[in-house]
Amino acid sequence: MISSSSSGGSGSSSSSSSSSSGSEPMDEVRRRALSVLSSSGVAQDVKADVQAMADAALPPSQKYLHLAAETVLRENTSSRSKHEVMESLSRLVKALSILEKYGCNLTSPARPRYWRSVKHNNPVFRTTVDAVKGGRRVLFLYGYTNQQVDGLSFPDDVSEPDTDKVAAVTLEVMTLRTEVDMLVKGTHPHVENFKDIVPFVAQQCNSVVQDVTSADAMVIPPEKEQQNTDKAPLVSPPPKPPQRLVAPPLKAKPSAGEAAAAVCVGSECDLCGVAPSLVCPPCGGQSFCDACDLLFHRHPSRANHKRDKIHQTKHEPCGICGISVVQCQCSTCVQRLCENCDLLFHSHPERKGHNRTFVTAAKTSSLSLSPWECSHCTTVNEMRAVLCSTCERPRLATAASVAQENPASLPTSPSSEWQCRSCTVVNQGSSILCEVCERPRLATRPPVPLVVPAPSNSGPRCETGTKWTCQFCTYVNTKPTTVCEMCNLSCKDSAGDSAPHSLQQPPPSVATEQPQVAVKPQPKPRECVELRRQKLMREDGLGLIHHIREAEKRGVSPEEVYAALCVCGGSNVSPCDWLTSELPHLLDEICAMAASVQVNYRPGDSGIRAAVTAVERDGEETQESDAVVKLSRAEAKLAWLAAGGDTERAVTQLLRDRQAKMRELHSLGFRDVAKCEEALRLSGGEVKGALSLLQRPLLEPYHQRIWTDFPEPQIDAAHPDKQRMCRRLLALYDLPSWGRCELVLSLLQEPDVTYSLEDVVQAVKESHDRDFIRRLLKNECPCCLCVFPRSKMQSLTSCQCSVCHDCFGQHFTIAVRDKHIRDMVCPVCGEPDINDPEQLDSYFSTLDIQLRDCLDMDVYELFHKKLTEHALMKDPKFLWCCHCVSGFINDGDQLKVTCPSCRQSFCTQCKKPWEAQHQDLSCEQFQLWKRENDPEYQRQGLAGYLRDNGITCPHCRFQYALTKGGCMHFSCSQCRYQFCSGCNNPYHKTLCKTAQCSYPGLHAHHPRDCLFYLRDWEPQRLQDLLQKCGVEFNTDPDTGAQTDGCGVMEQKDEGGEQTDSPCGLQTQPGQAGLCEKHYREYLVSLINAHSLDPALIYNVQELTRACERYQVDIQRLENEEDSVYHARLLKKLMEVPLGEKVPRNK
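Numbering (numbering that gives the first Met the number 0), first residue to last: 0 to 1145.
It should be emphasised that the hints constitute simulated quantities derived from the structure, not laboratory data.
Keep in mind that the hints are not guaranteed to be accurate.
[Claimed, not checked] Label-pair restraints from in silico Cβ distances:
no. : residue 1 : residue 2 : range
1   : Phe887    : Asp1023   : 17 to 27 angstroms
2   : His1002   : Val1135   : 16 to 26 angstroms
3   : Gly683    : Leu432    : 50 to 60 angstroms
4   : Ser841    : Val148    : 21 to 31 angstroms
5   : Asp156    : Val884    : 30 to 40 angstroms
[Stated by the list, open to error] Simulated pairs of lysine to any residue, SDA-like, Cα-Cα distance not exceeding 25 angstroms:
no. : residue 1 : residue 2
6   : Lys118    : Asp129
7   : Lys81     : Gln427
8   : Lys911    : Cys881
9   : Lys873    : Asp822
10  : Lys46     : Glu99
11  : Lys864    : Thr812
12  : Lys534    : Thr378
13  : Lys1140   : Ala870
14  : Lys864    : Asn889
15  : Lys629    : Met661
16  : Lys351    : Gln427
17  : Lys552    : Glu99
18  : Lys865    : Ser844
19  : Lys674    : Asp587
20  : Lys777    : Asn889
21  : Lys1140   : Asp1015
22  : Lys1140   : Ser900
23  : Lys308    : Thr331
24  : Lys895    : Cys955
25  : Lys864    : Ser900
26  : Lys992    : Pro1142
27  : Lys910    : Pro875
28  : Lys1140   : Pro1036
29  : Lys132    : Pro108
30  : Lys351    : Val333
31  : Lys865    : Tyr842
32  : Lys992    : Val896
33  : Lys93     : His82
34  : Lys1027   : Asp1121
35  : Lys46     : Val333
36  : Lys1076   : Arg1020
37  : Lys791    : His810
38  : Lys100    : Tyr561
39  : Lys534    : Gln427
40  : Lys865    : Phe925
For each residue, glycine too, the CB sits at the ideal point set by N, CA and C.
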């Protein structure tokens, strides 16, 4: 065996060097294992791959991709002693095994029925997964992320688990469980990866191998062997090489318990007298061997005692009894026996000639507390294991003895009865010595001296040779067999005179006897009580799980399976079959038994006999009560399950449950015992169902009344029965409390009430304050001035105004039919601002929802049509027809376009009616041609020019053949956009977004070259500006133009309607045949067309006001002359650009 200190150093270097190279095979093994586990869900299929992953020379941080293995190990091994660390690791192994089963169940194609949840009250879960730290985190990785009151579950929206992820986590759980198990057993090949994670792990694996046996040998004198025989002295062979066992680790400082044990420990076990191995301070410092400790501390009152190991030199135990010290070594049968076992074992005639040597036990070392290796199968077992976990051979069995042992001689479980090998008496499992012969439990039968019968001359030889009497059971066997036909004991164990002649040994010849090699002994190995108990528990648990899974497929609950096993567990009948065939009869029997004893049953009595006694004691009361119990199978089944399958307890439980249900029904006012019993029977023992059956006759008059065709009377607030009215209010209007109902009645009884019951109920549901309710019920409509409750008022989202439903519907019906879509604003305040496109879009999106329920269908469809046109106007290809009011989308790129409604053509750029002369000419060239060649155009003179350069809506691009004189506030008839006709800037009804503007009324921001300012200048001043900049202008009318009156078209308000008509004012000489107003407009159009800045001819006052309007600094410098100051202001003002939207048509 290689020392762990040397292997640890080389292991660290090899781990670091192979981490990179081992990643590739690790990934291949992981992928293969994930593929198998995801498809099958069976852990046994990936056992080899899991072992390969556990043996990989990688640290946990690289080996575990999903599981925080280092964190789990550190959290569960934060102890100060090595013993506590090993116990924590053992608990972790059990918890990981349970988590592994959870993962395999999720990846299995046939998942259990209740795979979606994990209950915390499960005793297995509570003692394993919840007993360690980090167990619930693994369940979170599986997908149990929904926290419930009694456990964890998958989220409701998850229908199937993530099989790939669950398989990956499960594979890492299996790998971690394998690695921790190897750490506990000390067989991990790369323990250096855990030396900084798990404390004491290096000490666990760095135990030094020491020699065990170095004894002085002494040859037995031949005289002692030849006292009864004349055999020649046997030569003692060389002694057996000493066996090497692992020595226990050294401790720097003993704990308090160890110190106490060192002081109080005795040299013998206080129960059986053999060498002790443990000391129990809670028991007064008594010493125990391993076997006595298991039996003595199995009692519940002593199960929690903390025992300490006795660290002293132990003697090697005997190979047969396993208790006494070895005092003799047989080189023939290769056995090391104590004195008593040697005398018994070698008293057999076939083993008398064996050569033994006495061995002194002075130098034998103690047994190892480290993991040990089986000499038969080389399996490394746990420290406290007595039997090998693989082949179940004893720990001290040698290779030679193991080769000859008989598997049939293995002892049974220590908790079961055992038969003494000497007197064949069957003793209890807890006894160590036989009750009759007081021989130890593991002692073999004492030898019987072989007696050679004298030759008999009488009787046939065949009769004495075939019949023989068994010593144990005294049965006379007639056949020459080696085993008794009755007790199956070997005839070799019987006396010589009772064995058949064919099986008896011939008498030895003294003269010719030679040392013969006897058959090697077959010692019975020692049995590990704890492992045997765990094996039985595991077998029972697996059997129960098998039954439960079979029951789940057939829809049977685990409780029913357990109760059925308690009844039919000794037979070969399946629990599910028994539940189907026999359970109904058993339930009928339970009901019959309960009916026979239920008359005067008292809850305080226990059992059926007590109930029967109560019936006999109160016979008079029994005669008075003629009620016969009526129990259902459903009640009997519940009671039988609660009793765990015990029939008598089920009857008692059934009667107790029935009495409790009867008391509950009596407390609810149902005193008729017979009706209550019948209702419980029909409802299967459910109180709610029985209550429904009992209340049904009482509700029959009410049902008959509500099923009639007569209408319900109205709720009358003045009705004298206030409680009845309140109950009707609660039933019809779902008011929250009785007080609210009384408040409704009181409000309806107030004088001058004009609101209805429904209005009052709706207001009372919102508040319990009487004043607030009155305010809700009295709201005046600003349109019709009528009073309405708040529930019958409606408001827009753009303002706080509220109107009644009728006014709301009428206002928007008229607006949709007769007005533009931009007129659909609040009828009270006129909000929102139509010119703001952001408010307009959000406003119409909510208005559509409100108008859906208050407008007629044809009006609502018209609203949608206008809303669609409004949206289409935002398309740059949308055109309004200059001949009609229709609009359409033009996908072509030609100047000429035809309206699909009126079938007339016009130009897409200048929006003028199409003429043949416009073909192949631009709009400017066509306009110049008309001025020079069109007589009608020449007759109109500058009036035609102003008409052609009329008003164009900046929002929808609709052109108006109108002048810009008069009011500059223009409203487009197509899109209701309001703007200035001189600069095209919008008009604002409220506060605008312009900086430093706080004017709340109707206003617009005009640039300095807008007609809004220049229309107040005299024509001569405008002509001076044009002359200063070198722009020509007309003063005389064109040839042929009319001069009797101004012919410029204007938009006039006549009779509340806007109409287009000529100006008609008298013309003045020198103004080109126009009135003064329109001549100014003509001069301003030339100024705008040539982008002339009017600031060039500003006076001082105008210059200062313009600088203030544009927020130009007008601070005068010290000693600055007027001319210099004015020139500086003019320069700063001209840096401010002219109007961007001002029309500049030439």
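To see whether the hints hold, each was checked on the structure:
no.	hint	result
1	Phe887 to Asp1023: 17 to 27 angstroms	47 angstroms, violated
2	His1002 to Val1135: 16 to 26 angstroms	20 angstroms, holds
3	Gly683 to Leu432: 50 to 60 angstroms	58 angstroms, holds
4	Ser841 to Val148: 21 to 31 angstroms	46 angstroms, violated
5	Asp156 to Val884: 30 to 40 angstroms	56 angstroms, violated
6	Lys118 to Asp129	11 angstroms, holds
7	Lys81 to Gln427	38 angstroms, violated
8	Lys911 to Cys881	7 angstroms, holds
9	Lys873 to Asp822	18 angstroms, holds
10	Lys46 to Glu99	12 angstroms, holds
11	Lys864 to Thr812	14 angstroms, holds
12	Lys534 to Thr378	18 angstroms, holds
13	Lys1140 to Ala870	23 angstroms, holds
14	Lys864 to Asn889	19 angstroms, holds
15	Lys629 to Met661	12 angstroms, holds
16	Lys351 to Gln427	34 angstroms, violated
17	Lys552 to Glu99	23 angstroms, holds
18	Lys865 to Ser844	14 angstroms, holds
19	Lys674 to Asp587	21 angstroms, holds
20	Lys777 to Asn889	55 angstroms, violated
21	Lys1140 to Asp1015	21 angstroms, holds
22	Lys1140 to Ser900	32 angstroms, violated
23	Lys308 to Thr331	36 angstroms, violated
24	Lys895 to Cys955	19 angstroms, holds
25	Lys864 to Ser900	16 angstroms, holds
26	Lys992 to Pro1142	23 angstroms, holds
27	Lys910 to Pro875	15 angstroms, holds
28	Lys1140 to Pro1036	30 angstroms, violated
29	Lys132 to Pro108	30 angstroms, violated
30	Lys351 to Val333	14 angstroms, holds
31	Lys865 to Tyr842	15 angstroms, holds
32	Lys992 to Val896	39 angstroms, violated
33	Lys93 to His82	17 angstroms, holds
34	Lys1027 to Asp1121	23 angstroms, holds
35	Lys46 to Val333	39 angstroms, violated
36	Lys1076 to Arg1020	14 angstroms, holds
37	Lys791 to His810	16 angstroms, holds
38	Lys100 to Tyr561	22 angstroms, holds
39	Lys534 to Gln427	20 angstroms, holds
40	Lys865 to Phe925	35 angstroms, violated
The structure does not agree with the numbered hints 1, 4, 5, 7, 16, 20, 22, 23, 28, 29, 32, 35, 40 stated previously, though it agrees with the rest.
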